[in-house]
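So the protein sequences, as listed, match chains A and B.
The numbering used here puts the first residue of the first sequence at 585, with every later residue one more than the last.
The numbering used here puts the first residue of the second sequence at 585, with every later residue one more than the last.
Don't take every hint at face value.
The list treats identical chains as one, so a pair stands whether inside a single copy or across any two.
Derived pair list, reagent style DSSO-like, types lysine-lysine, alpha-carbon separation capped at 30 Å [to be verified]:
| # | residue 1 | residue 2 |
| --- | --- | --- |
| 1 | K1164 | K1242 |
| 2 | K640 | K1246 |
| 3 | K706 | K1164 |
| 4 | K1242 | K612 |
| 5 | K795 | K1252 |
| 6 | K1246 | K795 |
| 7 | K1242 | K1127 |
| 8 | K1242 | K1157 |
| 9 | K618 | K706 |
| 10 | K1164 | K958 |
| 11 | K1246 | K1127 |
| 12 | K1235 | K1127 |
| 13 | K611 | K1189 |
| 14 | K1189 | K612 |
| 15 | K1235 | K612 |
| 16 | K958 | K1127 |
| 17 | K795 | K618 |
By construction, these hints were calculated from the structure, which means they are not laboratory data.
There are 2 protein chains.
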Amino acid sequence: MHWIVFLIPVFGVIALIFTAVRSSWIKKQDAGEKNMQELAAYIASGAMAFLRAEWKVLGYFAIIAALLLAYSGTLVETSSPIIAVSFIIGAVLSATAGYIGMNVATKANVRTTQAARTSLSKALKVSFAGGSVMGLGVAGLAVIGLGSLFIVFYQIYVVSQGATVNGMEMEKALEVLAGFSLGAESIALFARVGGGIYTKAADVGADLVGKVEAGIPEDDVRNPATIADNVGDNVGDVAGMGADLFGSYVATILATMVLGREIVSEDDFGGIAPILLPMLIAGIGLIFSIVGTFFVRISKETDSVQNALNLGNWSSIILTVIASFFVVNYLLPDQLSLRGYQFGAMDVFWAIFVGLVVGALMSVITEYYTAMGKRPVNSIVRQSSTGHATNIIGGLSVGMESTVLPILVLAAGIITSYSFAGLYGVAIAAAGMMATTAMQLAIDAFGPIADNAGGIAEMSGLPEEVRHRTDNLDAVGNTTAATGKGFAIASAALTALALFAAFVGIAGISTIDLYKAPVLGALFVGAMIPFIFSSLAIAAVGKAAMDMVNEVRRQFREIPGIMEYKARPEYEKCVAISTKASIREMLLPGAIALVVPLLVGFGLKGVFPTASSPEILGGLLAGVTVSGVLMGMFQNNAGGAWDNAKKSFEKGVLINGKMEYKGSPAHKASVTGDTVGDPFKDTSGPSMNILIKLMSIVALIIAPHISERTGEHEVNKGIQDQQQKKEVVITSDEVKGMTEVE
Amino acid sequence: MHWIVFLIPVFGVIALIFTAVRSSWIKKQDAGEKNMQELAAYIASGAMAFLRAEWKVLGYFAIIAALLLAYSGTLVETSSPIIAVSFIIGAVLSATAGYIGMNVATKANVRTTQAARTSLSKALKVSFAGGSVMGLGVAGLAVIGLGSLFIVFYQIYVVSQGATVNGMEMEKALEVLAGFSLGAESIALFARVGGGIYTKAADVGADLVGKVEAGIPEDDVRNPATIADNVGDNVGDVAGMGADLFGSYVATILATMVLGREIVSEDDFGGIAPILLPMLIAGIGLIFSIVGTFFVRISKETDSVQNALNLGNWSSIILTVIASFFVVNYLLPDQLSLRGYQFGAMDVFWAIFVGLVVGALMSVITEYYTAMGKRPVNSIVRQSSTGHATNIIGGLSVGMESTVLPILVLAAGIITSYSFAGLYGVAIAAAGMMATTAMQLAIDAFGPIADNAGGIAEMSGLPEEVRHRTDNLDAVGNTTAATGKGFAIASAALTALALFAAFVGIAGISTIDLYKAPVLGALFVGAMIPFIFSSLAIAAVGKAAMDMVNEVRRQFREIPGIMEYKARPEYEKCVAISTKASIREMLLPGAIALVVPLLVGFGLKGVFPTASSPEILGGLLAGVTVSGVLMGMFQNNAGGAWDNAKKSFEKGVLINGKMEYKGSPAHKASVTGDTVGDPFKDTSGPSMNILIKLMSIVALIIAPHISERTGEHEVNKGIQDQQQKKEVVITSDEVKGMTEVE
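So here's chain A without its partners, still in its complex pose:
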């Protein structure tokens, strides 16, 4: 085995060392006075209570799924029962990534509050350190996990069999490795959906009774649901987001590797370079994310926090691009071909570049549609002056409009990266985009930490200036949350397409032809799934919030002295309710995502003479992806825009020549939009990412079982593959020649 294979986990280890160092630095920071520590302890224990409850349910799920996978692994030659082990490792690492993030976030929050008593600079340092522990931890675990398992499976199935890197043996190694991705993504689904339901049920519940009925401010210690609300930030925005991006990161790399296997490459590494490239790009991105974190700092109270974060982000991206150029040219030869598409090393580099550009544009566009002071948010502000209904209409209209540019960018990205390096180009573009995931996630996770820090400052009655500093961080956190979602949905879309391409290869089909009625029917059904998924997620928030409302009302009624600060509310009961409700409600949407591909893949096998079940499944996946991306963008951006329209009133806005502030009828209308937007932007919208990725991974996992290739063929497939490729290369060459003549 070439030494370069062993380099990959090393990158991951370096990241984890940094994670450990930062984490221990945070723990050493001052956690403030006793009451602050007490509140932080409630939040931390509430968050752990949720994780434990979630893990219990997921434990059962994982065991059953692993058994099924192990059995299925015995049925075809290109899989193995070992896939179950791979699955379990993926699930455990995903859960661990969520745990690391949440653990550090619940420590960093109170320490950020305490740091904010000194200076903004110090508060940023602590909160961003927390975020970077999360980011580096997630990406580090992913790279170590994928890298080490690849070494093991490569050794077992390929090297020890003396097989080639393009053959069925490597396909088997990657199919078994796909179990890792399935494990990661399954946990991510439940973490994202469950966490999303949790955080919004607590938020809406706390607001409805606390702010509206009891008339006490947000984050007031007298509100029994306030701890649950703060727990929710960690559960949804930290652990959920972490598991989501862990899943995307792994799935993207894996899909690119699967496509890489099919590439005939005469490189200096025995032809394995196209398979290794995505992991190496991830490793490089990880290292430069570490470098980038050092740029995130401010010195004066008046420095822009957003600029500091941008500097860190852009420096890691630019350094990764430069390094990718050298790595790609070092690894790959000038002649590559995949399924008849010919390209060279530089084409691959440009595809990576396209991916990074798409990611950056997505963030910029998302920011425009959700930022305060820009046209879209201002239009909602203006429409709030004529009431609740026009505020809602304005937000829905902005959300729908906000899909236009991202979709055009995405479509251009797909077509451009494809034209550089075929399907491998689309996949490696996704991998390029995801390379600096560690940095993206650090910036993202910093937001909820700052949010929590503000909550603790409020609950502990710290001076105005402390709250002012945490508010400054929190406002930046709102923007990064929105842009982070733009990045997440775009990466999910490219990941899904990469998985889609990998699926097509393994399932042995050559078209996904909409001209066939069953494929077209499946496209319709697939496109409907994000609608029912969103509907269930939104309705779940409503139901869980009602449970919370009833509990808070009960406590106000039955525990005398809460309102006079004489009695402590039973925070843990609210935490338990949110936990229970969210775990109950996440099951049905989760089941839909997992079961539908199985039903279509196995249930329609051989039913239609004109269309095979993998082709129908392909139509279904296309429908889910297209509709999921649109619904995700629509809901995320509408929610973000409503939120900032409401926030605009806090500073005061000029409507029809009159200043309107908090408390005006227009502001009240804007609160309605914000509340509607909550489940949109924090529950159903972000779930779309996982939905589309998970369904594609399930399809990839079952691909060998529903494949059109029969047993006999499979044995000789490795060799046939090579021959076919060479034939096609010639044809494609001719085609290229013709095009140039035109």
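Here the structure of chain A is known, so what remains is to put chain B in place on it, guided by the hints.
Showing chain B alone in chain A's frame:
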């Protein structure tokens, strides 16, 4: 030419005779007292003012489009400048259909009010007579137009050339005929979108100032916007709906004829039977719609109006099914084949049957999701008790959920009808579903007439019992409006698929392969279009409503004595504002629908070596159709459910053991949902039908220009077609054999 060809326009003539008879009967009815007649005259003149303004703009558009079409007709052999004539006739007939409907509706409304002073039975008789004039007029004009133009073009291009019915000559005849459909659908787009904006701008504007600011009831003569509001019902729900279904009806028949040309049929009519069948089915449906109208009657005050309408509807459907059985078996032989798919006469009959079942199921499901007292509406009612935001969340959730069953029915319908008779099956299923369009439209148009009648009763201060009777009719009208929309979107979906299939044939492509990156990119872009279209439509209502609000405020301010009934408001100024705003705002969404297919079809010609521009356009159309159908259902049903949730409070509802009525906070929250739902269900939602059909028709029209077939090939195409078909037939036979062995 066989005599049966001449039978088709005869059906249309019969329908128009009935239309004239009914229409003159309505005019002879008592129009009530002077003030009633005065109000009716305002509404009628307002409606005509809108039509005139719209026609003026559309006149310019039609002339330019016709010139372009005439020029384009000179460029390829399978078209002709005559297509421009065909286009103009389609546009004029579509406008005429809208005019007939609106003319009779503005006469029937006041006569229904007057009839309601006598009995419910008489009020139903008058209002339904108005609806049936509209329905029979629309369908009659369509059948006459299509039937006569077909005779002319068939004579010119086929019979006089001595050509076969399967050849390029017939393709040319049908391509020229497609201009008729384009004309009809273009007018429909503007009528639907413009009408939709008009009606909701007037409605929202009237409510915001009248009900909310001035505190006067709905339909109060003192409100300057009240006439505009009543005009809106006619403009949007009558003329807009009529033009929409006229377009669907024509497009469906045409698409089936285009596919029918490719069928090799050894029938007794020289092989033309598959081309004639859709027109004959339409003719039969028209006759039985006339028959069905006689069943719509009640005798007692307590009889159910809904049951009377259902009886009329079902009798026309069942009679059409029975007649279709005989017609199909009379016309078609037992052996037919289309693009390699083999089927017989009975298969075609079953496909028609599938279409009728799909249409019926759509109506039933839509009714469930939007009717009072059922789970979905009740859930919104319950969620209204916790405020505006939860009411909105509830409605959005219901709307999204409501897509599930219709999509499953639609997908099953596509696959089943395809399995019976290939693509011809899908198209003829749509034709079957549309056969009783006259009856559907009669039931649909009856609603706004009853609504207007109620408005006139209120404005003229007639006794309680009159308003009670018109309310009874209006309530049924709300349900039929919702189910009518379910029918319209389902028929649009099947029509679009039929057009899609016809497009594929004429463009000379054999796959629409999502595996090709440009096709997949186009799918994304296509799916985005319904989002931006909806966004524009919704925002347009907001803008136009603001104009209206300002005008009403001005009149209250500047015209003294309005509130004391001493001065008459300037109704016509409000009408003019709504007219101007709606016509201004309809242009951009309309342009998108017309221009995007041109850009993709011509702009991407030869750009990608792997995917031809027709194939990319195919991907775009698939995206538009899938996403448009979902967005249409989502918006229509959410809007309908919100409306009836609000109406539930008028009767009183039980929430948490307490009765809540009009005026309660929960009712106020439900009004917010209703207002949000207005543009959803009456502007953007129903526009989706036209959007998806129009883009498909534009594609079909430009298909010969972007076709992959080159000039040389085209000349011999007729013969080649035949040969290819025979070859494929054998292959398909083998495949069938193989399947049976399995």
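Going down the list of hints, with the structure as the test:
1. With identical chains, the CA atoms of K1164 and K1242 are at most 30 Å apart between copies only, with a shortest distance of 29 Å across copies and 47 Å within one.
2. Within a single copy, K640 and K1246 get their C-alpha atoms no closer than 44 Å, and across copies no closer than 48 Å, so neither meets the 30 Å cut-off.
3. Taking identical chains as interchangeable, the C-alpha atoms of K706 and K1164 are never at most 30 Å apart, the minima being 37 Å within one chain and 59 Å between chains.
4. In the homo-oligomer, the alpha carbons of K1242 and K612 never lie at most 30 Å apart, since the shortest distance is 50 Å inside one protomer and 56 Å across protomers.
5. Taking the shortest Cα distances, K795 and K1252 sit within 30 Å of each other both inside one copy (12 Å) and across copies (20 Å).
6. For the identical chains of this complex, K1246 and K795 are neighbours both inside a copy (14 Å) and across copies (26 Å), given an alpha-carbon limit of 30 Å.
7. Taking CA atoms no more than 30 Å apart as the test, K1242 paired with K1127 passes between copies only; the shortest distance there is 20 Å, against 39 Å inside one copy.
8. Taking the closest pair of Cα atoms, K1242 and K1157 come within 30 Å of each other only across two copies (28 Å); inside a single copy the shortest separation is 45 Å, beyond that limit.
9. In this assembly of identical chains, the alpha carbons of K618 and K706 lie at most 30 Å apart only when taken from the same copy (21 Å versus 81 Å across copies).
10. Within a single copy, K1164 and K958 get their C-alpha atoms only as close as 40 Å, which misses the 30 Å cut-off; across copies the closest is 29 Å, which meets it.
11. In this assembly of identical chains, the alpha carbons of K1246 and K1127 lie at most 30 Å apart whether taken from the same copy (29 Å) or from different copies (25 Å).
12. Only between protomers do K1235 and K1127 lie at most 30 Å apart by alpha-carbon distance; the minimum there is 26 Å, versus 33 Å within a single protomer.
13. Taking the closest pair of Cα atoms, K611 and K1189 never come within 30 Å of each other, the shortest separation being 56 Å inside a single copy and 62 Å across copies.
14. In this assembly of identical chains, the alpha carbons of K1189 and K612 never lie at most 30 Å apart, being 59 Å within a copy and 64 Å across copies at closest.
15. Taking identical chains as interchangeable, the C-alpha atoms of K1235 and K612 are never at most 30 Å apart, the minima being 37 Å within one chain and 65 Å between chains.
16. With identical chains, the CA atoms of K958 and K1127 are at most 30 Å apart between copies only, with a shortest distance of 19 Å across copies and 34 Å within one.
17. Only within a single protomer do K795 and K618 lie at most 30 Å apart by alpha-carbon distance; the minimum there is 27 Å, versus 56 Å between protomers.
Consistency note: the structure conflicts with the earlier hints numbered 2, 3, 4, 13, 14 and 15.
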